[in-house]
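Enquirer: This is what each chain is made of:
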Amino acid sequence: MSGGQSVAGGGAAKRSEDGRIGWLFDPKLVSVALASVAVVVAGGLVQVSFGAYSMTVVEAWRAVLDPAVLLDPRWLLNFLVGEGLMRSITGFQGELPELAHTTLIVWDIRLPRVFVAAIVGMNLGVSGAIFQAVTRNELASPFILGVSSGAGLMILLTLVVFGGLTAFLPLIAALGGAVAFLIVYAIAWKNGTSPVRLVLAGVIVGTVFNSLQTGLFFFADDIGVVQSAIQWTTGSLTGTDWEQVRMALPWTVVAVVLSLAGSRQLNLLLLGEQTAKSLGMSIEKVRFALSGVAVLAAAASIAVAGIVSFVGLIVPHMVRNLVGSDYKRVIVGCLFVGPALMVGADVGARLGMSVLTGADSQIPVGIVTGLVGGPYFLYLMRRQQNMGEL
Amino acid sequence: MATEHANATDVDEPNGTNEAGGTGDASGAGDASDLDGENLVLGYPTASEPVIDGESIAAEPGAVTALVGPNGSGKSTLLKGLANQLAPDDGSVLVDGRDVHSMDTKTLARKLGLLSQESTSPDSITVEDLVYHGRYPHRGFFERTTDEDARAVEEAIELAGCGHLRDREVGSLSGGQKQLAWIAMVLAQDTDVLLLDEPTTFLDLHHQMEVMEIIETLRDESDVTVVVVLHDIEQAARLADRMVALKDGEIRARGAPEAIVTEELLADVFRVDADVVQTENGPRVTPIRARHEEPASSATETDPNGDEPASAAEEGRAPIGTEASGD
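Chains as they are written, first to last, in my numbering: chain A, 1 to 390; chain B, 1 to 327.
Calculated directly from the structure, the hints in this document are not laboratory data.
Warning: the hint list may mix true and false statements.
Label-pair distances were calculated between CB atoms; the ranges are [said to hold, decoys possible]:
hint: 1; chain 1: A; residue 1: F25; chain 2: B; residue 2: R168; range: 42 to 50 Å
hint: 2; chain 1: B; residue 1: E213; chain 2: A; residue 2: L200; range: 38 to 46 Å
hint: 3; chain 1: B; residue 1: D123; chain 2: A; residue 2: A261; range: 46 to 54 Å
hint: 4; chain 1: B; residue 1: D31; chain 2: A; residue 2: A38; range: 38 to 46 Å
hint: 5; chain 1: A; residue 1: Q227; chain 2: B; residue 2: R139; range: 34 to 42 Å
hint: 6; chain 1: A; residue 1: V208; chain 2: B; residue 2: E216; range: 27 to 35 Å
hint: 7; chain 1: A; residue 1: V37; chain 2: B; residue 2: D123; range: 22 to 30 Å
hint: 8; chain 1: A; residue 1: S211; chain 2: B; residue 2: T146; range: 49 to 57 Å
hint: 9; chain 1: A; residue 1: F218; chain 2: B; residue 2: S102; range: 55 to 63 Å
hint: 10; chain 1: A; residue 1: L200; chain 2: B; residue 2: T107; range: 51 to 59 Å
From the three backbone atoms N, C-alpha and C, an ideal C-beta is built for every residue, glycine too.
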């Protein structure tokens, strides 16, 4: 018994030495994070350098690191929280100092788009990771429980029928997704739910809403409305601004904190419903709360970028392949890999057409993520024997 | 069914009384916990007839009680009912006099642990991490692991004998090794009552013995009240202090192993002709042939068609199948 005690002491010491954040320094997780950051920086640099007003990479670097912005809290706040709030925080009433032309283009137009892409990537990655654990299904995505179809239907309704409400489209789309999720949950509920019931209810609601959404296209009399609807329903970052950063960032922070806090519950869900229950988890409450967090993250991304497909499906896969199934690491990994995929895809969406055809037009980023995501998924499927098992 | 009870195996009479009635007086059993199921009616939403229709069972505090019976007899269902995994249509389950249904889920999980028949986990989780999950009911929402958690985990790993596996990934283990890891997890839960659903099924002989030895250690060195479902009647007789035999959702006999494992009971409950020899390692059962005609006692009750849904439900196919297909 004394031998056992000393072993126990050693194990305890090892655990507490790891402490609350020891697991973060897992070499695999660190390399995933570093590689993702490299992709985001490279993609971001391409994004800020090229466009209608092209500059060299050196110029772009200078503009990004322009001390006139970076060292001036008024400018930073102006971008991050908006002009009004900036003025009430700093008490500054005069004109902001003028910026160089390149700095203005980079900071005012091109950089926010990179940030929005990163935020959307984070949200979709985390949301997908949660849904894959909650439904215990590797093919689950943020949109599996009706979120995308609800949002899509509301987008079409707003654009086609209630044109006057277009200004509130982001909010309406996010709300539509959340309401659809609640409907799915209500349909699946019968003395509690199960992963399969939830997924089936999601399919049912999705089918009906998608039909309604497609039907609404017939009532669109303006090609502009249709294009706008397509942009929203395939996901696009065109024209995103600091406004979108400000809109999504607070919810993203909330969703990320909650999902990290819930990672132990997610790990337990992976052991199966019976085990989780016998270990004393109130499984229905936990499942609903975690789904709610995932819907919040998905809704935040829908509000700024529309329905970007595939990111939420692939990112958790990639991360799980790289760092293992421990959800603390999976969530943190998604916070890095999601932005990398999204920023990378947006380079293609924004500049791809002009490279390929010379035309100065952009395609919705959702098309690029689908084009990149499909083949990558195929590759995963080919390589892995036990696809579909979590 | 209640009338049937009376003319079941006569073994029921002498031992049955002190078992079923022993709700309050844990006779000299120190800190060990009681587990009582009273007039339990258990069934599945998919089947109209309940699998268990009004049975009472009391686990002897600090001892090992084995549930035995043929496929479809309701033993797993009864165990699920006792573990609060299946809400009873009627009746109640009491742990130390408290109704499990009204207890907070985590409080219950600190009192009562269950090892299910089928357990799934991600392949890449390590054994140590799996065992740490057993500490879930002892931790608050944001609490990190304490020294007490670490101690419980170490003891559980040592008792389950899977120290050499601690850093292995569960997906790389054999079936027997996996079972040891899962047992370590429920041991780390550190409960007063432990319910095990066929812990030795599908294991090779070595791992069967390992599991048996773990349960023996629990019986000899701790106050844990163990209820275990076993397929192997010899194994059950060797391991258990008390045995409960079920057939068609009824408790046919209960008592000490020597009194339960008899040729008559094997004929009645398991429908086999067998030789039973008492040895120093407990009774040895040599099955000779299957009995094809229905035993007279239950011929009036059981029609062959009615047996089918009950057995499907007993194997847990209805509720578990839905979950498993979502994997």
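Enquirer: Hint says 38 to 46 Å; check whether the CB-CB distance for D31/B and A38/A agrees.
Expert: violated (59 Å)
Enquirer: Okay, F25/A versus R168/B on CB: inside 42 to 50 Å?
Expert: violated (22 Å)
Enquirer: Using the Cβ atoms, figure out if F218/A sits within 55 to 63 Å of S102/B.
Expert: holds (56 Å)
Enquirer: Quick check on a hinted range of 38 to 46 Å for E213/B and L200/A, using CB atoms only.
Expert: Given a distance of about 45 Å, which is inside 38 to 46 Å, the answer is holds.
Enquirer: Can you let me know if the beta-carbon spacing of S211/A and T146/B is within 49 to 57 Å?
Expert: holds (54 Å)
Enquirer: Could you check the hint for me, namely that L200/A and T107/B are 51 to 59 Å apart, CB to CB?
Expert: violated (34 Å)
Enquirer: Given the hint of 27 to 35 Å, check if V208/A and E216/B actually sit that far apart at their C-beta atoms.
Expert: violated (58 Å)
Enquirer: Taking 22 to 30 Å as the stated bounds, is the beta-carbon spacing between V37/A and D123/B within them?
Expert: Holds, at about 29 Å.
Enquirer: Can you tell me whether the CB distance of Q227/A to R139/B sits inside 34 to 42 Å?
Expert: Once the Cβ atoms are compared, 53 Å apart, the range 34 to 42 Å for R139/B and Q227/A is violated.
Enquirer: Range hint 46 to 54 Å: satisfied by the CB atoms of D123/B and A261/A?
Expert: Violated, since D123/B and A261/A (Cβ atoms, about 25 Å apart) do not stay within the stated range.
The structure fails to meet hints 1, 3, 4, 5, 6, 10 from the earlier list, while all remaining hints are met.
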